[in-house]
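Since chain H is already given, all that's left is putting chain P on it; use the hints.
What follows is the residue order along each chain.
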Amino acid sequence: MAIDPADYLAPPRLLNRDDKLATLSIKVNEADPHLKIIDQQVCLNCTAKPCTVTCPVENYRVEDNGHTTIYWSNCIECGTCRVICPFQNISWKYPAGGFGVSYRYG
Amino acid sequence: MADRFDVAIVGAGPGASMAAYILAKAGLQVIVFERGDFPGSKAMFGGVLYTTVLSKFFPDFVGQGCVERHVVEKRFSMLSKDDELALSFKFLGFEPPYYNHSFTALRAHFDRYLAQQAENAGAMFVTQTVVDEVLMKDGRVTGVRARREGGEVEANVVIAADGANSLIAQSAGLRGELPLSVILGIKEIVSLPRAIIEDRFSLEGDEGAAYEYIGGEAVKGAMGAGFLYTNRDTISVGLGVSLSALQNLGIQPDELLNQFKMHPIVRRLLRGTTPEEYSAHLIPEMAPQHLPRFVGDGIMVIGGAAGLVNANPMFHEGTNMAMASGVLAAQTIIEGHKTGDYTAKALSPYVARLRQSFAWKDYERYERLTRMAETHPQLFNKYPYEFTAMARKLFSVLPGEDGMQVPKRKLELAVADHLLAELGLMTFATDLIDIAKAAVM
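As you go down the protein sequences, you meet chains H and P in turn. Counting from 1, position 93 in the first sequence corresponds to residue 197 in my numbering; the numbering is continuous, with no gaps. Counting from 1, position 206 in the second sequence corresponds to residue 1072 in my numbering; the numbering is continuous, with no gaps.
Extracted from the complex, chain P is given alone in its bound form:
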């Protein structure tokens, strides 16, 4: 292989392959390093893939086997020990082929598909190869050092696309250690015949469902959430819990997942399933001060390596932000290629464009909500339990002392009493204000 490239990309996830595709199309010499057997073989996400950016470049991705089902239901739930309080949004009015640009997917399939597109466009993929660090000369990144014979590869620009742990961004001095706000995602893929999945989740054809379980009994009150996503003939069932919450919880993550699966509400949805694969990965949720610098001399950082995630359980986005950042990085490099200037200053339009895009705007907005949630543990360890308890009180049908039935007015008062006694009006009002503040600021 040539030992000099225009661009060397570390990692072959969705952001990397998107960048590689655009760069190769523009005639640049691109090399992509993947440490696994194939792109996607080390990757894991929840996951639902949002395909606005993808469909712009690969309009026929549906039907290529790279995604599973298009999501037609988003359901948000709070679990107590025996009860569930849930809110569901079902949307059947979106048109094919992209519907609402929300598809369940499996990374070992999706990443492989996207990498293949980039390879077809002329990018060179090197698998089974770890890149440990960047090459530096006079404070400038000049290439990468792969862990193999003759592994030094020079490049005008290195793209760090090596995901949450990004040792590359770290080796280039663009960031310090990861904070404990990062989330551990653990998941099982469990199999079930597709007809049963469709019947159980009320789906037709390739429709899919995305169920989120926020705080409460799903994660034993920790700051985190559980999820169930329907694939074609499997279900992705898992949890995401911040590392700081996980260490306080003191329950082994794999055991926590089993407890979630055996919750009486969740168990009913998973009847007859057989575990096919266990997996775990970090989700790089962090405050702005922990993010890496997105550019340095001769280097750019994209996707999870750049901390671009929206970990809010309402949305759970990231791979789309990675693809967007890959596109913007590639476009900036192509412009810089004309002048041959790859200094941080020359690459900085990437940062400006990123900040104008949804990827940064959504990160910034929902990261603020996450920071607020961090200081309000009651959102996870109290509200889900108390709200379900209040629902239980309101909907209890009780025999009355008169031999008939307790009138509703008495139930309503019991709910109000519960709110006052268990939550406290002031605390509740203050929390609402804090949430509103974090949401609108």
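If we strip away everything but chain H, and leave its shape as in the complex, we get:
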């Protein structure tokens, strides 16, 4: 098969966070949020909020009212938030068997 140079000389395709997530198969167990903030007050008092800049899928957001929300259904189970939280304020477990991310390449 002839190769068309236009096919392989284009700049690499970039994906934003949402499109990166869209490359993944994540089976969500709506009934069982596997990540929870233990005490919202602890987050309100946390100035650094390192969870918001280290989660590889940007699942930690500070809302207008100052509360931190975990968009847990997009979690890819790496464990970064568990380690990075200076107050161990995240209740962290794996999603139930058969749920969560399933890599095709890995």
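Please keep in mind that the hints were generated in silico from the structure rather than gathered at the bench. The beta carbon of each residue, even a glycine, is placed where N, CA and C say it ideally should be. There's no promise every hint is true.
[What the hints assert, rightly or not] Okay, the calculated beta carbon distance ranges per label pair:
| hint | chain 1 | residue 1 | chain 2 | residue 2 | range |
| --- | --- | --- | --- | --- | --- |
| 1 | P | Ser921 | H | Ala126 | 36 to 42 Å |
| 2 | P | Thr1209 | H | Lys197 | 25 to 31 Å |
| 3 | P | Pro1059 | H | Ala126 | 21 to 27 Å |
| 4 | H | His171 | P | Ser1262 | 40 to 46 Å |
| 5 | H | Asn149 | P | Thr1241 | 27 to 33 Å |
| 6 | P | Thr918 | H | Asp143 | 47 to 53 Å |
[As the list claims (entries may be wrong)] Taking lysine to aspartate or glutamate and the EDC-like style, the derived pairs with C-alpha atoms no more than 20 Å apart in a straight line are:
| hint | chain 1 | residue 1 | chain 2 | residue 2 |
| --- | --- | --- | --- | --- |
| 7 | H | Lys197 | P | Glu1073 |
| 8 | H | Lys153 | P | Glu1121 |
| 9 | H | Lys197 | P | Glu1018 |
| 10 | H | Lys197 | P | Glu1201 |
| 11 | P | Lys891 | P | Glu1015 |
| 12 | H | Lys140 | P | Glu1121 |
| 13 | H | Lys197 | P | Glu1142 |
| 14 | H | Lys153 | P | Asp998 |
| 15 | P | Lys1248 | P | Asp1207 |
| 16 | H | Lys197 | P | Asp903 |
| 17 | P | Lys1003 | P | Glu1142 |
| 18 | H | Lys140 | P | Glu1043 |
| 19 | H | Lys131 | P | Asp1207 |
| 20 | H | Lys153 | H | Asp168 |
| 21 | H | Lys197 | P | Asp998 |
| 22 | H | Lys197 | H | Asp122 |
| 23 | H | Lys131 | P | Glu1142 |
| 24 | P | Lys891 | P | Asp872 |
| 25 | P | Lys956 | P | Glu1073 |
| 26 | P | Lys1248 | P | Glu1043 |
Relative to the frame of chain H, chain P by itself:
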């Protein structure tokens, strides 16, 4: 399923499957728990797989579709904003089938292959099943509790092979929380026709290349590195940055990866690629005081769960250390099986053997270098930039005031001036001594 086994293994990665294979071959009843849909479905690494241990047990693994390309080039590079200073080692003289025992691989394929071998040998694999904790009785681990109906499974020995986060080692009281020295690995698998990959990276057939980008613009000066590994018809492109460095950087990891991909030097290698899969995982890089105890009464810890990685960008090893620890754990259990003694003391030969093996020796040696690097951020945020700047000065071809060209002597002096002004001779000398000390001690 039986509710009592000789050995229960939590996790079905390379270390786990290696242990399960050896134990099952020896006639022991083995159960392996995998929380994903299949072994490898939750796994991720860079990655290059080193196959010395693997090939001893599965001499025909090449050609089974479990690995991608054999590595014939290791290239180390430092990036500044527009420039690159690199050192490449190319090795074409290694013989098939294993070449230099370095193969690019994808974990969803490799882990599945190895698990299949263990299953064929008689180990029982239970997928889609999370194990949250160990069962304890009188301070001794007696089994595991899986998150499912009737999930209590008793075993003489539990092997914690549940990777970097190892909640099992933690639930058994073998370790505390992970330190911020652990590394976040993020990666994209991007596709490109194999002929283009081979042409672009100067490869023939199944040859592969492993490019490492240390500190500098690849990771915006953070303690970390970027990488490009060629697979058959995909490229693994990613970054590894320690969590402490990542939180100081303040750039979203997925955005940092995009910036790496769009670096003018890297971008040229990735032209025409389409992202196929994004992934992220922790790499359990930590100092000895943070490691778990490797054995307890009725429990052993292997692989990433045991913190066995060599995260130095020169080598980037881990899955081979996991397989080695799996082998040594299994061999120790088989010996203990004869006496029926599974106390920490009876299982401790595993620790002694591990310490005699490359897995511990390499961990110990390169972990020390990593600790040194932690206190020398200039290795990542200064040297890559200044070295490339000095190369730029040396190799600039400048029109002279005489209407001809600036003589080389003047360029050499400019490089020396740069070294003195930007790095400082004393700082540079001290850093060199620190590196040498960490390397030889």
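A quick look at each hint next to the structure:
1. P:Ser921 to H:Ala126: 36 to 42 Å: 38 Å, holds
2. P:Thr1209 to H:Lys197: 25 to 31 Å: Check passed, 30 Å falls within 25 to 31 Å.
3. P:Pro1059 to H:Ala126: 21 to 27 Å: 23 Å, holds
4. H:His171 to P:Ser1262: 40 to 46 Å: Given range 40 to 46 Å: violated, Cβ gap about 55 Å.
5. H:Asn149 to P:Thr1241: 27 to 33 Å: 30 Å, holds
6. P:Thr918 to H:Asp143: 47 to 53 Å: Holds, at about 49 Å.
7. H:Lys197 to P:Glu1073: 40 Å, violated
8. H:Lys153 to P:Glu1121: 18 Å, holds
9. H:Lys197 to P:Glu1018: 18 Å, holds
10. H:Lys197 to P:Glu1201: 35 Å, violated
11. P:Lys891 to P:Glu1015: 29 Å, violated
12. H:Lys140 to P:Glu1121: 25 Å, violated
13. H:Lys197 to P:Glu1142: With a Cα-Cα distance of about 27 Å, the restraint between lysine 197 of chain H and glutamate 1142 of chain P is violated, given a limit of 20 Å.
14. H:Lys153 to P:Asp998: 28 Å, violated
15. P:Lys1248 to P:Asp1207: Given pair lysine 1248 of chain P, aspartate 1207 of chain P is violated - Cα atoms ~55 Å apart, limit 20 Å.
16. H:Lys197 to P:Asp903: Status holds; Cα separation ~17 Å.
17. P:Lys1003 to P:Glu1142: Since the Cα atoms of lysine 1003 of chain P and glutamate 1142 of chain P sit roughly 47 Å apart, the hinted pair is violated (cutoff 20 Å).
18. H:Lys140 to P:Glu1043: Satisfied, since the Cα-Cα distance of roughly 18 Å is no more than 20 Å.
19. H:Lys131 to P:Asp1207: Since the Cα atoms of lysine 131 of chain H and aspartate 1207 of chain P sit roughly 42 Å apart, the hinted pair is violated (cutoff 20 Å).
20. H:Lys153 to H:Asp168: 15 Å, holds
21. H:Lys197 to P:Asp998: Holds. Lysine 197 of chain H to aspartate 998 of chain P sits at ~8 Å (cutoff 20 Å).
22. H:Lys197 to H:Asp122: 23 Å, violated
23. H:Lys131 to P:Glu1142: 18 Å, holds
24. P:Lys891 to P:Asp872: 13 Å, holds
25. P:Lys956 to P:Glu1073: The hint holds at about 11 Å.
26. P:Lys1248 to P:Glu1043: At roughly 32 Å apart (the allowed maximum being 20 Å), glutamate 1043 of chain P and lysine 1248 of chain P break the hint.
This entry does not satisfy hints 4, 7, 10, 11, 12, 13, 14, 15, 17, 19, 22 and 26, going by the numbered hints stated previously.
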